[in-house]
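*Asks:* Listed below, chain by chain, are the residues.
2 protein chains.
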Amino acid sequence: MKYTEMTLAERQGAYAAEKARFEELKSLGLKLNMARGKPGTEQLDIVMDIFSVLPTNADYISSGIDSRNYGELSGIPEAKVLFADILGCKPSQVFVGGNASLQLMYDAISKAYTHGLKRSVRKWSEEPVVKWLCPAPGYDRHFKVSETFGMELITIPMTAEGPDMDAVEEWIQDPAVKGMWNVPKYSNPQGIVYSDAVIERIAAMKPAAPDFMLMWDNAYCIHEFASDFVPFPDIISLCEKFGNDHMCYEFASTSKVTFPGAGVGVMAASEENIAYFTKLMSIQTIGFDKINQLRHVRYLKDKETTLALMKRHAEILRPKFEAVLHGLDTEIAPLGIASWERPVGGYFVSLDGMEGTAKRTLALCAEAGVTMTGAGATFPYGVDPADRNIRIAPTLPPVEELKQAVDVLCTCLKLATLEKLGV
Amino acid sequence: MKYTEMTLAERQGAYAAEKARFEELKSLGLKLNMARGKPGTEQLDIVMDIFSVLPTNADYISSGIDSRNYGELSGIPEAKVLFADILGCKPSQVFVGGNASLQLMYDAISKAYTHGLKRSVRKWSEEPVVKWLCPAPGYDRHFKVSETFGMELITIPMTAEGPDMDAVEEWIQDPAVKGMWNVPKYSNPQGIVYSDAVIERIAAMKPAAPDFMLMWDNAYCIHEFASDFVPFPDIISLCEKFGNDHMCYEFASTSKVTFPGAGVGVMAASEENIAYFTKLMSIQTIGFDKINQLRHVRYLKDKETTLALMKRHAEILRPKFEAVLHGLDTEIAPLGIASWERPVGGYFVSLDGMEGTAKRTLALCAEAGVTMTGAGATFPYGVDPADRNIRIAPTLPPVEELKQAVDVLCTCLKLATLEKLGV
Chain A
24 MKYTEMTLAE RQGAYAAEKA RFEELKSLGL KLNMARGKPG TEQLDIVMDI FSVLPTNADY
84 ISSGIDSRNY GELSGIPEAK VLFADILGCK PSQVFVGGNA SLQLMYDAIS KAYTHGLKRS
144 VRKWSEEPVV KWLCPAPGYD RHFKVSETFG MELITIPMTA EGPDMDAVEE WIQDPAVKGM
204 WNVPKYSNPQ GIVYSDAVIE RIAAMKPAAP DFMLMWDNAY CIHEFASDFV PFPDIISLCE
264 KFGNDHMCYE FASTSKVTFP GAGVGVMAAS EENIAYFTKL MSIQTIGFDK INQLRHVRYL
324 KDKETTLALM KRHAEILRPK FEAVLHGLDT EIAPLGIASW ERPVGGYFVS LDGMEGTAKR
384 TLALCAEAGV TMTGAGATFP YGVDPADRNI RIAPTLPPVE ELKQAVDVLC TCLKLATLEK
444 LGV
Chain B
24 MKYTEMTLAE RQGAYAAEKA RFEELKSLGL KLNMARGKPG TEQLDIVMDI FSVLPTNADY
84 ISSGIDSRNY GELSGIPEAK VLFADILGCK PSQVFVGGNA SLQLMYDAIS KAYTHGLKRS
144 VRKWSEEPVV KWLCPAPGYD RHFKVSETFG MELITIPMTA EGPDMDAVEE WIQDPAVKGM
204 WNVPKYSNPQ GIVYSDAVIE RIAAMKPAAP DFMLMWDNAY CIHEFASDFV PFPDIISLCE
264 KFGNDHMCYE FASTSKVTFP GAGVGVMAAS EENIAYFTKL MSIQTIGFDK INQLRHVRYL
324 KDKETTLALM KRHAEILRPK FEAVLHGLDT EIAPLGIASW ERPVGGYFVS LDGMEGTAKR
384 TLALCAEAGV TMTGAGATFP YGVDPADRNI RIAPTLPPVE ELKQAVDVLC TCLKLATLEK
444 LGV
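Residue numbers (our numbering), protein chains in the order written: chain A, 24 to 446; chain B, 24 to 446.
Treat the hints with caution; some may be incorrect.
What the hints assert, rightly or not - Label-pair ranges, simulated between beta-carbon atoms:
#, chain 1, residue 1, chain 2, residue 2, range
1, A, E295, B, V253, 46 to 54 Å
2, A, E295, B, E47, 42 to 50 Å
3, A, G173, B, G359, 37 to 45 Å
What the hints assert, rightly or not - For lysine to any residue, the following SDA-like pairs were computed, each having C-alpha atoms within a straight-line distance of at most 20 Å:
#, chain 1, residue 1, chain 2, residue 2
4, A, K54, B, G94
5, A, K382, A, P408
6, A, K302, B, K302
7, A, K146, B, G405
8, B, K146, A, G139
9, B, K167, A, T301
10, B, K54, A, S148
11, B, K146, A, F172
12, B, K302, A, G173
13, B, K141, A, G173
14, A, K302, B, T171
15, A, K146, B, T137
16, A, K146, B, E175
17, A, K146, B, K167
18, A, K302, B, G405
19, B, K154, A, H138
20, B, K146, A, H138
21, A, K167, B, S305
22, B, K146, A, S148
23, B, K167, A, S305
24, A, K167, B, Y93
25, A, K54, B, Y93
26, A, K146, B, G94
Rather than coming from a laboratory, the hints here were simulated on the basis of the structure.
Backbone N, C-alpha and C fix where the C-beta goes; we use that ideal spot for every residue, glycine too.
Isolated chain A, as found in the complex:
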């Protein structure tokens, strides 16, 4: 029976039952974490062969470059080829960096502030105001990068096909709007795949700002867990088709292919932008970890081999997502108190409860030993205006623990909703 169709007495009865369940779960002294998109240990274990791919000293020298010494700021050639293969762009459009694509995103924006971009009229630090489009719910770390630079964050509603392009097209007429965040494939947190129509409208945008940054964080480009690999358009050539040759900055990493924190991050952009960025980066560093780049090239080999590895990750991840969806389907769906997407890739499930229930739900979860992503984190400034979105990150805990955590979450969501409805 739906909560909204219950009488007060029925809600009170339901509340007492759920409260008893909550106390029972709480007494287990759980310490579970569904807060961040961290791979589980089993996933880390399957890629350990990466440390065996460079057996002799001679193996560290490739294309005449000793990966153990200084040099090759923009990455070793083989790594550019590998990532161009995966992303569908050209090797000359790829900058291979260190262990984190987030750092490349931050650096690109930071340089816009301290130096200006190639097509900037002035440094962004000299702009009276910089505005930035944030499709939401979205990735909290993206929003925080924008926020830390003092940008004005503009919330763009997400639709089932991607960002609301009517809103985007209106906002970009303002020259103070300098960029837009995107996780176009299996968006964080909803797992939405931008539709071809939305992607084409994005590529065809005509922003008033000459240095508009289309930030295309293709974090989950090959990260299907319940589907074969889904081909995805190369945004850089699509932007070129519409005369936006220099608008797009694409990012990807192997953080969820090999190791989070010890993978390889890349930025792809027009050759002009890569050259400009490389020149600025040449002041910041002599080069990134080429041994790790080479290790990845030897281990991942090419797109086909990499996709085969992703199938193995999928086998580990699928039961975890199934456990979450099964819990929601059986415990929450009948009550009519929340909705959620059913992603086939990415690292999250996004849950929308009734207005005003997210914070309370997560506070109860914490009380019962389950750490979740903070309420509001998926919105600009960390504030969910409806206080309803909950991000579930089911990848880290083993399946049995995860089932307990989902049990806790469902119980807490029920309690919070009943409290909201009145008990």
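Model the placement of chain B on the given structure of chain A, informed by the hints.
*Replies:* Frame of chain A; chain B shown alone:
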């Protein structure tokens, strides 16, 4: 016979002889490089055991932290202990970063511009002018970091004991002077070790700027090649002694201990500054490569083991520096046309020729196939006002090649000097 004591005819005779020698060397079609402080292949080969220190999956988990997963932004605890041991500071004062200390220096300064430091009155991007003290000759990459942010670079003369502190103490009375570069032990390029008296004067400085950055790039802290390890004061506690608890930012890396580009870089500073920097960095990245940090901890173990490894590097490096000094002693010293230091550590020999000879010398070297650090690179804005300083980086070429390169350099220096004197 000294060139300055020669008659025109004698100089012409000497010039003809050297010119013939030059053509002979040129005809060898050499392709030698003494431009950068790159370790040689033999040095890279002796540290390859670092890849054997983590044999099983369980080895990657240390102090309860799985180095293969996200987290531990400021570095793994064991790495902080190791670097504190080497630098003589406290583990709580250490931030362990990625593969490059230069990137940490850049980031610290970049954040002063975009966010301000903990004790800044305002962001540096809002300062009308930022001035920076540059002891010169110095490290070109330091100066370029300052230059890229638009600072006004102030040249401070180097003495045999370190920077001219009278000049420094006068300049820091200007609140626009926000910092100072230092390579205090085996300075780049002269190999000068700051004296205790100079270090104490530095630690006791009272800069007008509340957010003055004493940049202490201890790049060669354990890099003796012709001496046992020379103990060196911990600058952080020395600054504390004089009430300058938060003035110093120290940097070091294993780029020349293990691998350039695949080592570990660290920043050491007051706990307050480390906490502030860590908070800002938390927006930029989820964390650095902890697997590489752990690998270094297991391999280098402690200061004693690390110093033993440095002895092995020294054995490789010593003959190279001896070859340079032998060449200069035999070919140049009798002519009285240049002076140089005799460092026992670091990566360079700094040569001061007669005024107006450096550019010409290096152009001739290039013509004969020997690449050297660009003339002027060791001075702010890349301009050596006397056009006399030449940085010799003898570490990369094998000894036999190096002897040839030194031969070329001496010949070119003689030609340039004779041209200057008139032939």
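*Asks:* Going straight from one Cα to the other, do K167 (chain B) and T301 (chain A) come out at no more than 20 Å?
*Replies:* The hint holds at about 15 Å.
*Asks:* Would you say the C-beta atoms of E295 (chain A) and V253 (chain B) sit inside 46 to 54 Å of each other?
*Replies:* holds, 49 Å
*Asks:* Does Y93 (chain B) lie within 20 Å of K167 (chain A) when you go C-alpha to C-alpha?
*Replies:* holds, 18 Å
*Asks:* Assess, step by step, whether the Cα of K54 (chain B) is no farther than 20 Å from the Cα of S148 (chain A), and give holds or violated.
*Replies:* violated, 45 Å
*Asks:* For a C-alpha distance cap of 20 Å, please report whether K54 (chain A) and Y93 (chain B) respect it.
*Replies:* holds, 18 Å
*Asks:* Within 20 Å, alpha carbon to alpha carbon, are K302 (chain A) and G405 (chain B)?
*Replies:* At roughly 17 Å apart (the allowed maximum being 20 Å), G405 (chain B) and K302 (chain A) satisfy the hint.
*Asks:* Below or equal to 20 Å on CA atoms is what counts here, so check K146 (chain A) against G405 (chain B).
*Replies:* Violated: K146 (chain A) and G405 (chain B) sit about 24 Å apart, past 20 Å.
*Asks:* Please verify whether K54 (chain A) and G94 (chain B) have alpha carbons no more than 20 Å apart.
*Replies:* holds, 17 Å
*Asks:* Within a Cα-Cα threshold of 20 Å, do K146 (chain A) and E175 (chain B) meet the stated pairing?
*Replies:* Given that 20 Å is the threshold and the Cα spacing comes to 18 Å, the pair holds.
*Asks:* Does the alpha-carbon distance linking K146 (chain B) and G139 (chain A) stay inside the 20 Å limit?
*Replies:* holds, 17 Å
*Asks:* With the threshold set at 20 Å, check whether the alpha-carbon distance from K167 (chain B) to S305 (chain A) stays at or below it.
*Replies:* holds, 10 Å
*Asks:* Is it true that the CA of K302 (chain B) sits at most 20 Å from the CA of G173 (chain A)?
*Replies:* Answer holds: K302 (chain B) to G173 (chain A) is near 16 Å, not above 20 Å.
Hint check: violations occur at hints 3, 6, 7, 10 and 26; the rest are consistent with the structure.
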